[in-house]
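Asks: Modelling step: build the complete structure from the supplied sequences, incorporating the hints.
So that you can map any letter, position 3 of the sequence shown is 877 in this note's numbering, and since no number is skipped, the others follow by simple counting.
Hint data in this document are derived by calculation from the structure and do not stem from the laboratory. Among these hints, one or two may not hold up.
[What the hints assert, rightly or not] Quick list of the computed label-pair ranges, beta carbon to beta carbon: (1) 965 - 884: 16 to 26 Å; (2) 941 - 895: 16 to 26 Å; (3) 883 - 907: 25 to 35 Å; (4) 931 - 883: 16 to 26 Å; (5) 885 - 965: 15 to 25 Å; (6) 964 - 887: 12 to 22 Å; (7) 964 - 883: 12 to 22 Å; (8) 950 - 885: 35 to 45 Å; (9) 907 - 942: 15 to 25 Å; (10) 903 - 936: 30 to 40 Å.
[What the hints assert, rightly or not] Result set (PhoX-like, lysine-lysine): computed pairs, CA atoms no more than 20 Å apart in a straight line: (11) 954 - 925; (12) 954 - 897; (13) 925 - 897; (14) 965 - 954.
Ideal placement from N, C-alpha and C gives every residue a C-beta, glycine not left out.
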Amino acid sequence: MRIETYGQQIEVTPALRDYVENKLSRLERHCEQPFDVRTQLSLEKPNHRAKATVNLAGRTLVADAQALDMYAAIDLLSDKLDRLLREHRSKVVDHHRGESAARSNNFG
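Replies: Now the structure itself:
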């Protein structure tokens, strides 16, 4: 997984960059294939905003979060991305695995 972090009207300090990488590193457990995450940190007074775009094979997931503190916004963003990736994985794993009338040959 490759994480790219940049700021819009805010300087991304090494502490912020490390925090983003530590929080988003847990997303690797949801996908076996490598993927990219672009994280944008910005300040929209009075809120801090964190936005991320995850590029998977054939799919793009987007999430954003706002909070009064940048670290809280990153925490919320991490939770949203975790949920999105779990939902994406369940859709991929469960695809064509459901029992249907045509598969079980019970037509009535």
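Asks: For every hint, state whether the structure bears it out.
Replies: Comparing the hints with the structure gives:
For residue 965 paired with residue 884, a C-beta distance near 35 Å fails the hint of 16 to 26 Å. The hint said 16 to 26 Å for the Cβ distance between residue 941 and residue 895, and at roughly 19 Å that hint holds. For residue 883 and residue 907, the hinted distance range of 25 to 35 Å is satisfied, since their beta carbons lie about 34 Å from each other. The hinted range of 16 to 26 Å is not satisfied by residue 931 and residue 883, whose Cβ atoms lie roughly 33 Å apart.
Range check, residue 885 to residue 965: Cβ separation about 38 Å, and the 15 to 25 Å hint is violated. At roughly 36 Å, the beta carbons of residue 964 and residue 887 sit outside the given window of 12 to 22 Å. Checked against the hint of 12 to 22 Å, the C-beta distance between residue 964 and residue 883 comes to roughly 37 Å, which is inconsistent with it. Separated by about 21 Å at the C-beta atoms, residue 950 and residue 885 break the suggested range of 35 to 45 Å.
In this structure, residue 907 and residue 942 break the distance hint of 15 to 25 Å, their C-beta atoms being roughly 36 Å apart. For residue 903 and residue 936, the Cβ-Cβ distance of about 20 Å falls outside the hinted range of 30 to 40 Å, so the restraint is violated. Our distance criterion of 20 Å between C-alpha atoms is met by residue 954 and residue 925, whose separation comes to about 10 Å. For the given pair, residue 954 sits about 12 Å from residue 897 by alpha-carbon distance, which is consistent with the 20 Å threshold.
Among the hinted pairs, residue 925 with residue 897 is consistent with the structure: their alpha-carbon atoms are about 14 Å apart, no more than 20 Å. With a CA separation close to 17 Å, the supplied pair residue 965 and residue 954 stays within the 20 Å bound.
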